[in-house]
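Participant: Single-letter residue listing:
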Amino acid sequence: MASLKELKERIGSVISTRQVTSAMKMVSAAKLRKAQQLILRARPYSDELNLFLNSLASRNRRQLHPLLHEIDDDEVKNVGLIVVTADKGLCGAFNMNIINRAEDYLQHHKDKNVDLICVGKKGFDYFRRLNMKIEAYYVELFNKLKFEHSIDIMHLVTDKFVSRKYDKVLIVYNEFKSAIQQNIVLKQLLPIIGLKEDKDERLAAYLFEPSPEEVLDELIKEHLDVQIWRVLLESSSAEQGARMVAMDAATDNADEMINDLTLEYHHLRQSKITTEIIEVCSGAEGLQ
Amino acid sequence: MANNSQLIHLKIVTPRGIFLEDDVSELVAPGKDGDFGVLIGHTPFISSVRPGILKIFKNDKPELYSLMNGFVMVDVDMVRIFTEIIERPDDIDLKRAERAKERAEKRLLEKREDTDLRRAEAALKRSIARIQISEAGFH
Chain F
17 MASLKELKER IGSVISTRQV TSAMKMVSAA KLRKAQQLIL RARPYSDELN
67 LFLNSLASRN RRQLHPLLHE IDDDEVKNVG LIVVTADKGL CGAFNMNIIN
117 RAEDYLQHHK DKNVDLICVG KKGFDYFRRL NMKIEAYYVE LFNKLKFEHS
167 IDIMHLVTDK FVSRKYDKVL IVYNEFKSAI QQNIVLKQLL PIIGLKEDKD
217 ERLAAYLFEP SPEEVLDELI KEHLDVQIWR VLLESSSAEQ GARMVAMDAA
267 TDNADEMIND LTLEYHHLRQ SKITTEIIEV CSGAEGLQ
Chain V
302 MANNSQLIHL KIVTPRGIFL EDDVSELVAP GKDGDFGVLI GHTPFISSVR
352 PGILKIFKND KPELYSLMNG FVMVDVDMVR IFTEIIERPD DIDLKRAERA
402 KERAEKRLLE KREDTDLRRA EAALKRSIAR IQISEAGFH
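Chains as they are written, first to last, in our numbering: chain F, 17 to 304; chain V, 302 to 440.
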């Protein structure tokens, strides 16, 4: 059985851990709010852009644009897989879920050459430890997300795609469902799919400078930028949500532990006092 | 006093939110094929943008912004600009822009195999636009 002093020290250390976890929980809550605001602010831009893109792509023959050019699945040989994890741990299964999903994809597509692009330190560290080939990595970016990050990633994958080094680009990330729920999503980034046919004649009245093709080209790139930006924001919101839940549970556990340990401490202290009293009493009796 | 019907409604939308929404009398934007000015009653058109200076006239006083990319959608009485990066002259760090310009020029000159020429070129254009606007802003 532990001594009184040992117990006291343990209680002290659990209390200070509890302080850290409960502070982290509150910090995550604040960061979550901030990240969600960014998502909201990106919405008008991405909504308008989408409308615009659908309508313009429907008017043009889409097969003409390289980024819209789809190929058959059995012809796909080289895949770029963007793995979005967090930079930090202490957020439950958040990072492991993504890594498992990526591993799962690698397992099932051994016939293809899959290049990894790691966003977030945790995924990068994991795959580097396994000595896997990592095409590119972006770490320590979630603390201060900048739009430039998504532009960088977009440039990298479009260059590879246009030069035919990749036939397909996928992205795997945690989608923010609610503060307590994340969805793991594997989405195709390139070639762009899911454009809606839009026969809206709104754009018919416009002239295009320099040409509809060039505007479409620009539009597609910005669309990709925004897609990646949204993924980064989603993942960052989801991370904060996951951390909030994990830290909440940790704080609860710490509370429980403190209770148990304090009880044990009192128990021990009481039995020690009792023993001492008995000793004193029997000593006094011996004198009589 | 400018008549209200003479004003164009300008809206600048970025992924970080609506950057600016205002009524202006005239604007000059850096189109891909050269700068163009827009007054009320312009033919509807859509133009993509190259890195450069966006000039907005309100009460004959121009306001300058640096525009990096995006496009301008012109309607008869309304202009919408979609851009990823737009900056006010005050937000631009001239020294940093100059360093970026030097870096990009060096990269373009060296032409090492692993340099991405397109990106270096884009960086160069961006830094030049930033320097231009920052200098124009001081005069």
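Worth flagging that the hints you see were computed from the coordinates, not collected in a lab.
Watch out, some of these pointers could steer you wrong.
[As the list claims (entries may be wrong)] Derived lysine to aspartate or glutamate pairs resembling DMTMM-like cross-links, with alpha carbons at most 25 Å apart: (1) 176(F) <-> 406(V); (2) 356(V) <-> 64(F); (3) 237(F) <-> 422(V); (4) 426(V) <-> 131(F).
Participant: Each hint needs a verdict: does it hold in this structure or not?
Facilitator: Against the structure, the hints:
1. Between the alpha carbons of residue 176(F) and residue 406(V) the distance comes to roughly 24 Å, so the proposed pair stays at or under 25 Å and holds.
2. Taking the CA atoms of residue 356(V) and residue 64(F), the gap is near 23 Å; set against the 25 Å cutoff, the hint holds.
3. In summary, the hint linking residue 237(F) to residue 422(V) is supported, as the alpha carbons are separated by about 17 Å, within the 25 Å threshold.
4. Between residue 426(V) and residue 131(F) the CA atoms are separated by roughly 31 Å; this puts the pair beyond 25 Å, and the hint is violated.
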